[in-house]
Amino acid sequence: MPHFTLPIHPPTNTNTNTPLPPPSNPYLLTDPPFTGQLPSSRQQTHPGTAIIIDNGSSSIRAGFSHSPTPSLQFPPLMARYTDRKLARRLTFIGSEIYFDGTARGQSKSAYDPPTSSNIINNWDVQEGCLEYIFSKLGLHGQNVDKAVVMTEPLANPAYARRTMSELLFEGFGVPAVAYGIDSLFSYDYNGGRTGLVVGAGYTGTHVIPVVDRQPLLSQATRLDWGRSQCVEFLTRLLRAKYPGLLTGGKITETQVEDLVREHCYVSQDFSGEMLSMLEWTGLENRDHLVQLPYQEKEVVVKTDEELRVVEERKRESGRRLQEQAAKMRLEKLVRKEQELEYYRDLLLRVQNAPTKKSARELLDEDEFKDESQLDRRIKEMEKSVRKQRNKDVGDLEEETAEVHTYPLLEIPDEDLDEEGVKAKRGQRLLKANHDARARAKAEKAAEASRLASVQREDDAYRERDFEGWVEERRAARQSTMQRIKDRDRFKADLGNRKSQASQMRMKALASLASDNPLGRKRRRGQDKEDDGFGADDGDWAVYRDIQRGNDEDGEGDEEEEDLGAVLRGIEGELLKWDPEFTEQSTQEAMRDWTKSLYHAFAHGPYVFDSESARESAQLHLNVERIRVPEVIFQPSIAGVDQAGLTELVETLIGNRMAGHTAQGLLARDIFVTGGYALFKGFEERLANELRGVLPADAGVKVRKARDPVLDAWRGAAAWAGKGGGGGSGSGGAFVTRGEWMEKGGEYLKEHNLGNVFT
Amino acid sequence: DLSRLVLEKNQKAAQTGPSVTYTSIAAAPSTRPKKRYCDITGLPAPYRDSKTGLYYHNKEVYAVIRGLSTAQIQEYLALRGAATVLK
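Sequence lines, in order, name chains S and V. Each residue of the first sequence is one higher than the one before, starting from 1 at the first, in the numbering used here. Each residue of the second sequence is one higher than the one before, starting from 1001 at the first, in the numbering used here.
Check each hint, because a few of them may be wrong.
To be verified - In silico BS3-like cross-links for lysine-lysine, where the CA-CA straight-line distance does not exceed 27 Å:
(1) K1035(V) <-> K680(S)
(2) K1012(V) <-> K241(S)
(3) K379(S) <-> K369(S)
(4) K1051(V) <-> K485(S)
(5) K595(S) <-> K1034(V)
(6) K1034(V) <-> K680(S)
Said to hold, decoys possible - Which chain V residues face chain S? A few, computed with CB under 7 Å, are given here:
(7) A1027
(8) K1034
(9) Y1076
(10) L1079
What the hints assert, rightly or not - Derived Cβ-Cβ restraints for the label pairs, each shown as a range:
(11) L28(S) <-> Q1072(V): 22 to 30 Å
(12) G639(S) <-> T1023(V): 31 to 39 Å
(13) Q1072(V) <-> G138(S): 34 to 42 Å
(14) G721(S) <-> T1023(V): 29 to 37 Å
(15) Q482(S) <-> V1085(V): 37 to 45 Å
(16) L275(S) <-> T1023(V): 17 to 25 Å
Quick caveat, the hints were computed from the structure, so don't treat them as lab data. Idealized CB from N, CA, C, for every residue including glycine.
Same shape as in the complex, but just chain V (with noise of 0.2 Å):
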């Protein structure tokens, strides 16, 4: 995000410390917009449902997320990061 390659920036012009670290070499997230693939079958997913927060390609694939059990969406959801981690 923004923020924060503003100030690694600001930091890198201030410091004089070492300019490569393992660390800093690590890419940033990325600006552009994201696109959304149907979470059951990648195909491009134009719908979201509500309930889950699963992206779906078209009613068949919602009447297969319907009947989906918690730990499934859970494994769908966490497939591209969006599972819900308690602590």
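If we strip away everything but chain S, and leave its shape as in the complex, we get (with noise of 0.2 Å):
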């Protein structure tokens, strides 16, 4: 009978994570915006041109209402000082504060704070700008005589409107002025009708409702995360992840705004993105790298020729060293020799003086007691002569093993006299020294056949119950790994304060300070000074109890085994011995950085090596990407604290419009506008996220203007070319300064591009 065999394919290992090499081309940060001074322009025009300018948080676009583009367009910075070396006052607009770093440290904004207003407060700033903008575009700075369209935010406050007003017609001498809504403008623009308008800004985003060519401001709202808001929070993120990468000015917040305008977008389903984005596979496409400037360090690398060379100065030196040394054990070997010489004789002249007086002399003359001492003395030297003689010429025979005999120990002591007294105790204390090292010798031999033997059981064992001894160690092993981790973790414990391991040892600490330690009541009978510690050995283990084990100098490690050295031999006899444990299960293996969700997050699929200066000065971002444009759908993610822009929507349409009989029409024409249209992905994410909560039939369409950053000027250009929001003839909407010396400075014309008054 015919039967089928299926050849089974061992599973391919997928596990393994192959760390890539480093990309070939990483991003680099861009320089500073300095586009050089901007063209001034002496054109020709006719009286009812007006000068447009487009107030915007994130730049100025100024020009005449009959350019194509605005000819200026520069960020409203301005840094005014003294210059101390040329002695003068000078003032650099907009973008050329990057020429100078004196400049861009006392560049302020108009608004403030920079980040997060879009209300005018620096009227120094604002006044700058205007006169930049008047003299480029060729005009006397005192007498304009030129209308101006101007935008303002949405419910811009009323007091800001006056001073601008009053720096425009007693500044300059404008003689007309208007005001509208930037975004009113780009829709307007854009030909749109009844819409709903989101104004997606650099401070903020709008949403404004409008219906047959009417804004209905009422209902319109601000949510306040735009641009601005989108680089600090990168650079908080970035603080974050990569501590000490950021401090001290190596990113400048223009370098910020650049990575978020090249690198973010916004991400059609957010968490199904987010889940994915830290795989391995693919990681080298969704993870950018940048590459910050950074120093190498520098390794001196010594050609061949010099190490030579140097090793060779070495082992001279050493030679010569060697050398004196054996001259001057020579000589000392040779002076010694003479005093030895010198004290025979003297024995000899002590032995054969006449007078016990004449030999007392001559001892006393090299302070000497007596003859004995003398004795003593030239066999001391004879001994170290000798020694000292093999050590260095060799030219003695060996010496023979002195056999030490204690003779006097036996003899008791009231039968010596005094020098026997003495004498018997320099034998004894002899006997003892030698005695000790002879122990110690033995106790040593003793320790190294202890342990050999241990060894031969141990290998006995493993030759008799294989898996037995196997299991033995891995049970060995993983309770060192335990103990580890126990280890560990009870030093962590020990370092915060309030954990229980804290608090026993503070109860330890003070029932040890404290006067009564037994017990509140006193035991009848006992002394309060002797309670008996210290008695027993085993009290002195609370010390080790109470000492905090923060080790400075891994001084602690000392005294407690050292677990990784112990674990590390376990795991060689396991690696040697046991089939099943390969270098995989090893403690090190099970530390694969390519594993690592973190390495990922921190540092791409690449090797990192703390070391290297370069890699060390690497940003990666990846799930920066999406997540710093995905606030503006989701402003909890930052902390601000209001509805994302679909909810807005939402709510919009469905409660605030209520009723209203456009209430169906606003989602057909959804109209997106400013910089933040600029980010890859926003029309789309706005319409699939509307399409889910909006009826089904109201026909969701969300489209983009032409140009999201300009068309708000050229909008602004096109309605002052038409007469301003009136026939030609009446002023429009255009409050003249005899209309608004007379009848305030908070005039406004309500036209249906710009403001109601409040």
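Combine both chains into one complex, guided by the hints.
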């Protein structure tokens, strides 16, 4: 009967994540946006031309109303200071502040705080910018004779408008001024009639419903999130992710802004994309590596020649030192021998002295008490001379092993005289010394033999019962790992003030220090002083408990056993003998960095060497690319306590416009303008989300302005060209100087593309 | 929050003053439930560390959280506006 066998393929090891080589061209940080001086134009104008100024928080765009694009675009920054060297007052406006470091440090923004407010606060800067505009457009600073159209934020406070009008009329002599809202200008320019305008600006996002060309400003709302808040958010994220990398001004704000512009995009499915963002496959495409400037550490590599020369020199000096030392020793030896000769001679003379007195005198000269001392001295010197001779010159025979005898120890004290007693004491000391040394040697030998026997036993056990031995080793390994973990946890616990371990320690300390350690009531018949601490050896173990063990210089590790070494020893044995225990299962392999989520998060799929200066100065943008622009849809990500864009639109159309005739028409034309719309995928994301929450017959259609950045200016220019909200003849919505002076600073002519009077 | 919205609406109906001011334009807080994301990595976070209050994605991130200093913990919490501010 035929039977079929299918080949069984061993499962390909899909677990290994191969680390990748670093990318060939990492992204770099941008230079400061200094674009050089903006051109000044002398253009032909006719009396009806107006100057259009789009006063945005990211940049001011200004030009004549007949130009197709604004001739001036610069950020609302100004630096004014007195230069010491030139002794002149210098003023820098816009991008020109990046020309000089001092200017950069002194620069101020027209808005305060510059990253979250769109109301002008610093009127000096505003005045400087206006001067700059008028002079670049070729007009007299004091007597501008063209009407000005300016944009202002939605629901601009009255005092801001008043101060702006005052600046224009009084400061620059402008004949007429009109104000409008930039996103509405853009909507009008793009042919909008009824719909929802989403003006996603630099410091905030406005949502304004427009019905039949009339904006319903009472239903408009503003979400405080724009590109400037994105920049701040990304800076804080990077600072938390790479501590130490952003300190010291290594990355400036404009560079982070360019990072946001270049790398961030709006994801279509945030949660789903997030989950797969840090997976290994394809991580090199999602992770953008930004290389910061770094300084390579100096590694002086000596050539082979140099190394050889250095070695030679070292050897030479070593040899020279050795020769010198040998010479000195020889000299000392000779001197000693001479001394020995002299003492021998002295001994002879003493022995041959005629009288006792003269002998005494001779001895006293050299400070010897009596003959026996001299004798002893001679013997010592002979021994040392012989030893040294042996070491250096080696011409004497080996020293015979001296058999130490202690004859005097046998004789009891009474039989000896004073000298004899002293000699006996000396001999007893010598004997004790020798005995101790012999004991130590014996102990060492015993220890070594014991270890050898243990090892032999272990080998025998292994040969006998392999399985059992392996099991025992594995259990030992587990227990060691557990001990390591417990020790680490205990140490961490001690560091925390409130943990159980710390409290126990405190209790132990307090009871040790207190006067009544055994309890509140004093036991009858027991004194305060004597509580018996220390008599028992186990009592001293309490010091080990109360010692906190934060090891400075690793002292603590020496006391406890080095569990790491024990673990490695056991693993070595297992590797050698156990067939199943492979490199994979060792502790080292388990800490594989390619499987670590945090490594993919902080360093991408590339090897990270913390010593390398180049790799320490790298940023990896993977999760931040979608996390930062997502905040406009989920402001709780960044802690902004407002509803997201989708929810705002939904409540506007669903609740606030309920009962309005145009409620069903609003969603048909959702118009997105402003710099935030430049993020890839913004309109699709908004459309998909709204389609999910709005009723099915709403007909959601989201469109982007043709040029989200400049269309506001163009819209204002077109509006001014058409007479500014009125027919030719009437001034339209322009407030002339006379009207302003007569009717008050806050006088405003409302029109369908501007604010209402409050 | 709901009470604030209600109060504002009543106030708006009662008063005859300006209906559009800079502060009245500001968006109201959200009424939808918030999704939680890991404070360290940004991935969706099913878990929350009771000691520090940080949301985390898996046990590996939890090990990282355990090793953070107090300053770093407060920095992460400040990112989503949950840091303790002592006045």
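Each hint tested on the structure:
With a C-alpha separation of about 23 Å, the suggested pairing of K1035(V) with K680(S) holds against the 27 Å cut-off. Restraint check: the Cα-Cα separation between K1012(V) and K241(S) comes to about 45 Å, which exceeds 27 Å; the hinted pair is violated. The suggested pairing of K379(S) with K369(S) holds, with an alpha-carbon distance near 16 Å, which does not exceed 27 Å. As the CA atoms of K1051(V) and K485(S) are separated by approximately 20 Å, the hinted pair is consistent with the 27 Å bound.
With a C-alpha separation of about 30 Å, the suggested pair K595(S) and K1034(V) falls outside the 27 Å cut-off, and the hint is violated. With a CA separation close to 24 Å, the supplied pair K1034(V) and K680(S) stays within the 27 Å bound. About 4 Å separates the beta-carbon of A1027(V) from the nearest beta-carbon of chain S, less than 7 Å, and the hint is met. Taking 7 Å as the C-beta cut-off, the interface hint given for K1034(V) holds, the closest approach to chain S being about 4 Å.
For the restraint placing Y1076(V) at the interface with chain S, the shortest Cβ-Cβ distance is roughly 6 Å, inside the 7 Å limit, so the hint holds. The beta carbon of L1079(V) is positioned within 7 Å of a beta carbon in chain S (closest approach about 6 Å), and the interface hint is therefore held. The hinted range of 22 to 30 Å is satisfied by L28(S) and Q1072(V), whose Cβ atoms lie roughly 28 Å apart. Here the CB-CB span from G639(S) to T1023(V) is close to 20 Å, at odds with the stated 31 to 39 Å.
Range check, Q1072(V) to G138(S): Cβ separation about 55 Å, and the 34 to 42 Å hint is violated. Judged by the Cβ atoms, the range 29 to 37 Å given for G721(S) and T1023(V) holds: they are separated by roughly 35 Å. A beta carbon spacing of about 41 Å between Q482(S) and V1085(V) agrees with the range 37 to 45 Å that was offered as a hint. Roughly 39 Å separates the CB atoms of L275(S) and T1023(V), a value that falls outside the hinted 17 to 25 Å.
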